[in-house]
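> What follows is each chain in one-letter form.
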Amino acid sequence: MLHSIDFTIPTGRIYGLVGHNGAGKTTAINALLGLISYEGDVKVLGLNPFANRSKLMLDTAFISDVASLPRFLKVTELLSLVEDMHPNFNRQKAEQILADGDIRDNVKIKSLSKGMMAQLHLAIVMAIDAKLLVLDEPTLGLDITFRKKFYRRLVEDYMSENRSILITTHQVDEIEHLLTDLIFIRDGRIVLDANMDDISNRYIQILVLPEVSEEAMAHNPIFVTKQMGQDIMIFDDLEEGIATSFGTISTPSISDLFVALMEKKDASQKSANMGATK
Amino acid sequence: MSISTTKALLKKEFIENKIALIYVPAILIAITMLTFLFGIISNRHGWLSEIAVSSNSHSRGDIFNMIYTSSMLAWLIFLTIMLFFYFAGSFSADRKDNALLFWKSMPVSDLQIMTTKTLAGMVMFPVIILFWSLIAAIVGYIVFLLVTNNFPIIASLNSETSLSTFLNLQGSVLVVFALTLLWYLPLFAAVGLLGTLVRGWAVPAFILILSMGSAVEALVTLSDEGYFSSLMGERFKAPFTIISDMKDMNPLAGAKVNELISASNFVPAYISSVDWVGMILGWVVAGIFIFIASEYRRRRIQA
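Protein chains in written order, with my numbering: chain A, 120 to 397; chain B, 3 to 305.
Next comes chain B alone, as it looks inside the complex (with noise of 0.2 Å):
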């Protein structure tokens, strides 16, 4: 396939999803901020007042990218909820309005067209929102400004606040948003998988098989640790056990202000932490996941 017509793939799937990838998160961010500044000027319960009181004058830290890489939790969850339901709709969104057999009067395959909306969720849209989150950041940092200047305290607190300590931050954040988002392939792969079968109904079909699964193994074993809902339960709980294991060091995991974060010791831990063996299962069960779509597209023509 082409670099143009992967291109035009991309493009399609941008167009087709322009509301969750910018009214979305502009709106969200418009809000958040309108919030912090309302807060800000009103500081109708004096809370910012209490802040500073209540913070350690001895400690030295990084409060303004403290905050900011809490909020790319939030990023990340929502990314992650974003691609369930983009992964349910994308594998079958082809065939709304019988367009499923314009595309087909195309020279790209059903195989290359379900790749590239893989690629197109676990690459374009995770930088489309990271990109979101850095606007995020210039805008709170404006926010943070205006604090600092009504509140000396929180400047004098925030001594390390440096372009340095922020690009340590998003690197660290960069690798786990990548490796979760890999981890999550399979999953992802599944719902886009019954997205082709059920359409619409792919996300509450998912959730459904998982259950009944585990309830039917349930009821087998006669245990509730059975292996499909541990699989199942590992899969969805691991990176945030990473997270929550490497806390001490970890900037998704509320690291204390002034412990400051080095990319270069965290990645490694990242890593190093990563079962690579369920890794690369799960992307071998994604890649027949999408095979097996692209071959059930293959042969529908119909809406």
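Just chain A, same shape as in the assembly (with noise of 0.2 Å):
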């Protein structure tokens, strides 16, 4: 269930969507492309998704987290489907990039590997000329070498100042190179929601020297570790100053802030339930 979420993605912007599992990412993305109905405002492309889902996906394309094509059919049976009926779709762009692959056109799609399957949807949703390309968990089940080719894609071919895209994955560390913009969520509940440069700006991973390890502890670091016997602290909006008078300072990856935001959470909301306990 989602609580009052509120963000818009501009045109142009490449979104991750980091929560943990039943955080609420596929009921968000569920709600924005229309495949549910909601409480609240939500337009998608200008459109109220719920009540027009069939002419949003004119210029909206998207995976889910499950491997969800009919397979029933043939590869190429497949594709010609999906030709009449999406006015936006370029089999012959479709075709050029399973080319890459070894997927034969004449096969049933349940003879697939998990893997195929991933390649050949991914293949077509890459081939539709769309707005919004909303991708849940994409490169689930793939290996690494078809991954990266992927987000390369994704990247060199696909995007364009014209469209944006919305990721979630668990694989957050792979993505963290594309992204424009990031958002955490946490029990239906938006707990980050910046640009990647004000998140560079605003947050600071540092490898704190032992001596002045309780200074800064004091300037209340809303993540700490230990490596090799040092701590490692991440601040929230610490001065630059100070933060370089405590050890070597660099940006957190995603997926240490993802843990540090929701670690700090789980403290607050312990330190709430221990109060309320008492």
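You can trust all of the hints, since none of them are fake.
Facing chain A, from chain B, some residues (calculated, C-beta under 10 Å):
{"no.": "1", "residue": "Thr7"}
{"no.": "2", "residue": "Lys14"}
{"no.": "3", "residue": "Lys98"}
{"no.": "4", "residue": "Pro109"}
If you anchor each label on the Cβ, the simulated ranges turn out as follows:
{"no.": "5", "chain 1": "B", "residue 1": "Glu297", "chain 2": "A", "residue 2": "Leu164", "range": "17 to 27 Å"}
{"no.": "6", "chain 1": "A", "residue 1": "Phe126", "chain 2": "B", "residue 2": "Phe238", "range": "52 to 62 Å"}
{"no.": "7", "chain 1": "B", "residue 1": "Thr37", "chain 2": "A", "residue 2": "Arg210", "range": "43 to 53 Å"}
{"no.": "8", "chain 1": "A", "residue 1": "Gly260", "chain 2": "B", "residue 2": "Leu199", "range": "25 to 35 Å"}
{"no.": "9", "chain 1": "A", "residue 1": "Asn281", "chain 2": "B", "residue 2": "Ile24", "range": "44 to 54 Å"}
{"no.": "10", "chain 1": "A", "residue 1": "Val161", "chain 2": "B", "residue 2": "Val286", "range": "32 to 42 Å"}
{"no.": "11", "chain 1": "A", "residue 1": "Asp356", "chain 2": "B", "residue 2": "Leu199", "range": "46 to 56 Å"}
{"no.": "12", "chain 1": "B", "residue 1": "Ala217", "chain 2": "A", "residue 2": "Gln290", "range": "52 to 62 Å"}
{"no.": "13", "chain 1": "B", "residue 1": "Val287", "chain 2": "A", "residue 2": "Arg223", "range": "44 to 54 Å"}
{"no.": "14", "chain 1": "A", "residue 1": "Lys162", "chain 2": "B", "residue 2": "Leu199", "range": "26 to 36 Å"}
Derived lysine to aspartate or glutamate pairs resembling EDC-like cross-links, with alpha carbons at most 20 Å apart:
{"no.": "15", "chain 1": "A", "residue 1": "Lys174", "chain 2": "B", "residue 2": "Glu297"}
{"no.": "16", "chain 1": "A", "residue 1": "Lys227", "chain 2": "A", "residue 2": "Glu202"}
{"no.": "17", "chain 1": "B", "residue 1": "Lys13", "chain 2": "A", "residue 2": "Glu202"}
{"no.": "18", "chain 1": "A", "residue 1": "Lys229", "chain 2": "B", "residue 2": "Asp99"}
{"no.": "19", "chain 1": "A", "residue 1": "Lys174", "chain 2": "A", "residue 2": "Asp203"}
{"no.": "20", "chain 1": "A", "residue 1": "Lys193", "chain 2": "B", "residue 2": "Asp99"}
{"no.": "21", "chain 1": "A", "residue 1": "Lys250", "chain 2": "A", "residue 2": "Asp276"}
Please keep in mind that the hints were generated in silico from the structure rather than gathered at the bench.
Each residue gets a CB set at the ideal place from its N, CA and C atoms; glycine is no exception.
Hey, can you piece these two chains together into the complex? The hints should help.
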């Protein structure tokens, strides 16, 4: 269940939607795609998605988090059907993408492996000239080579200033370099919505010198861990002058920041619960 | 919805139901024809001679077309049963393997998909079955030639077999097929709606609802002639009642061999026998069922 979440995705941006299992990512995506009803105001490409799903799909492409291709069809039959049903589908482009893999045209989809099925779905989606592309765990079950190739192709061949992409994945570090914006979602609430530049300015990670560890702790890091006996702390909005005096500064990775913000919330919830118990 | 989208959705239904539309009729025709051929070649019980002897030598008729059009009743029953199962399965078939999410990623509304499924059941499937019946006619005619070559007396009785009589019969049968299926449309839509709700249990649920409805009505009214049971009984029986009432001129009701069917006489008589108010009300009810099914599907994303 989502609780009053509010965000806007401008054109030309690649958004990452990150959260634990059950955090509400797929629910949010389903609402955006008009697949479920909702309370509140949702506009996607100027349309109410639930009332106008079929119209919205002319300019939106998506892959859900489960393998969903109809398995009774052959690959070529599926391409023909999509070609006839979707005016913005370019069959030639799909076939070009598929030519890089080892999927044959005349095989039944049910005989494809999970990875091949994902490749086929990605090829179809990337051959749709959409304004919004929504990818819910798009590379689940794929090997690292294909994942890398897919994301490279997504940025080089697909992304343009007229398009927006929304991606959810658990393999966040793999998409870190291509994201322009990031949303963290937890228990149906947004806990972070910022562009990557703001994030790198706002959050800093410090490999803290042992002798200033206590002093650094006094500045309320949002996350603390140890590596090779040395403290690593993540701070929110710490002045640069102070930060440099604590040790080596770097930008936290998405996964580190995610853990930091999730644990921070855990800690605040725990203390809230403890307060209530008392 | 564009023509290419409708074409694509119909093609999808065809591929998904290829077994019922292609393989089952082909096997049925092959088995029937092989059985006839075996019977002719072996003539084990002398049955052909018996037919020839028992026939009135003064009769002149169209034996081939009469036998063929009688087989059309079997095709009509096959098609009706097939459509019940088609509607029961197809309204929820897209949920198989989570494919519903894929179809929902296409720019086609749930109502358009449900309407196309209905169109497939009411137009595409009957056309394919009629095509098979024509194949059966061609194969059957070859078998019939074999019979007449071996038994000239049957050939002499069959002086009226011609393309004209075949076309008259076929035209009449087409009208019977079309109006029977349109009469049953609300029943097909009802089983389709149940299919969206209970998937594979649609046909048993349909039978259960009819039985329970009649039973409850009988308990309440203390009569076995209640409104619901009469309405349902009439809906099921009406096409066969018309055929039975028109026995003398109906190609499906075993008209006498020497009475040739005239489509120009039969078709207007058949059309005037149809309860058109009941027919149109049935279409309205079917439309409501299909709309409810599409709204339910619109709110579903999981298998």
